[in-house]
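Colleague: Construct the complete structure from the given sequences, taking the supplied hints into account.
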Amino acid sequence: MPLALYASQAAASRGRRHPEPAVRLRNAFQRDRDRIVHSTAFRRLVYKTQVFVNHEGDLFRTRLTHSLEVAQLGRAIGRGLALDEDLVEAIALAHDLGHTPFGHAGQDALHDCMREHGGFEHNLQSLRVVDSLEARYPAFDGLNLSFETREGILKHCSRRDALALDAVEPGGVARRFLDGSQPGLEAQLTNLADQIAYNAHD
Numbered sequence: 001m002p003l004a005l006y007a008s009q010a011a012a013s014r015g016r017r018h019p020e021p022a023v024r025l026r027n028a029f030q031r032d033r034d035r036i037v038h039s040t041a042f043r044r045l046v047y048k049t050q051v052f053v054n055h056e057g058d059l060f061r062t063r064l065t066h067s068l069e070v071a072q073l074g075r076a077i078g079r080g081l082a083l084d085e086d087l088v089e090a091i092a093l094a095h096d097l098g099h100t101p102f103g104h105a106g107q108d109a110l111h112d113c114m115r116e117h118g119g120f121e122h123n124l125q126s127l128r129v130v131d132s133l134e135a136r137y138p139a140f141d142g143l144n145l146s147f148e149t150r151e152g153i154l155k156h157c158s159r160r161d162a163l164a165l166d167a168v169e170p171g172g173v174a175r176r177f178l179d180g181s182q183p184g185l186e187a188q189l190t191n192l193a194d195q196i197a198y199n200a201h202d
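For the sequence shown, position 108 (counting from the first letter as 1) is numbered 108 according to our numbering, and the numbering increases by one without interruption.
Be aware that one or more of the hints could be misleading.
Label pairs and their in silico Cβ distance ranges [what the hints assert, rightly or not]:
{"no.": "1", "residue 1": "M114", "residue 2": "L5", "range": "28 to 34 Å"}
{"no.": "2", "residue 1": "Y6", "residue 2": "M114", "range": "34 to 40 Å"}
{"no.": "3", "residue 1": "G80", "residue 2": "A105", "range": "32 to 38 Å"}
{"no.": "4", "residue 1": "P101", "residue 2": "A22", "range": "35 to 41 Å"}
These are computed hints drawn from the structure, not numbers from a lab.
Heads up, the beta-carbon is just placed ideally off N, CA and C, and yes, glycines get one too.
Modeller: In structure tokens form, the structure reads like this:
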């Protein structure tokens with residue numbers, strides 16, 4: 001099915017922090033998805049609980065199962081809206097890479113520990129993971145994802161953090177938090193798919 005005019009177009013991507021040549025078999029968003037799936041941080045999601053509650057039995061929800069559900073929901077809705085499913089999937093698979101272990105209780109505890117330094121924000125940490133902490137490529141730090149995928153990962157950000165990010169990357173993924181613009185529809189859809197998956201299961 002052809003993409004709608006309002007969909008993000010991989011061929012018109014705003015690019016990567018470190019330029020790379022295009023490849024014939026995969027577009028920019030497909031490469032992002034593949035890099036995320038093969039990252040160490042993605043594999044670690046299997047050990048992080050979504051909601052840390054000890055129920056009877058061994059079927060507890062992890063960040064990995066949640067991320068896969070968000071990706072499935074996002075792709076299905078994105079297909080119906082003629083959006084770029086590969087971009088939706090890439091954002092969905094990476095959106096929780098910066099979360100702490102032990103569910104929301106772990107995030108609250110880390111936030112309290114870091115309060116004097118601005119607290120802890122998992123979206124910023126997810127961006128740090130894909131931009132610098134993953135070490136898979138000799139030519140650059142991080143996964144070198146496209147602007148659109150990185151923009152979708154950073155779904156909310158304080159003005160203070162946005163100013164700091166924009167100082168390092170002027171006009172980059174944090175700019176919209178300063179000028180009031182909206183991210184692409186794929187990023188907005190993934191945020192909604194995240195809320196649907198959370199409310200349906202957690």
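Colleague: Each hint should be assessed against the structure and marked as holding or not.
Modeller: Now the hints, each set against the structure:
1. M114 to L5: 28 to 34 Å: 43 Å, violated
2. Y6 to M114: 34 to 40 Å: 39 Å, holds
3. G80 to A105: 32 to 38 Å: 36 Å, holds
4. P101 to A22: 35 to 41 Å: 38 Å, holds
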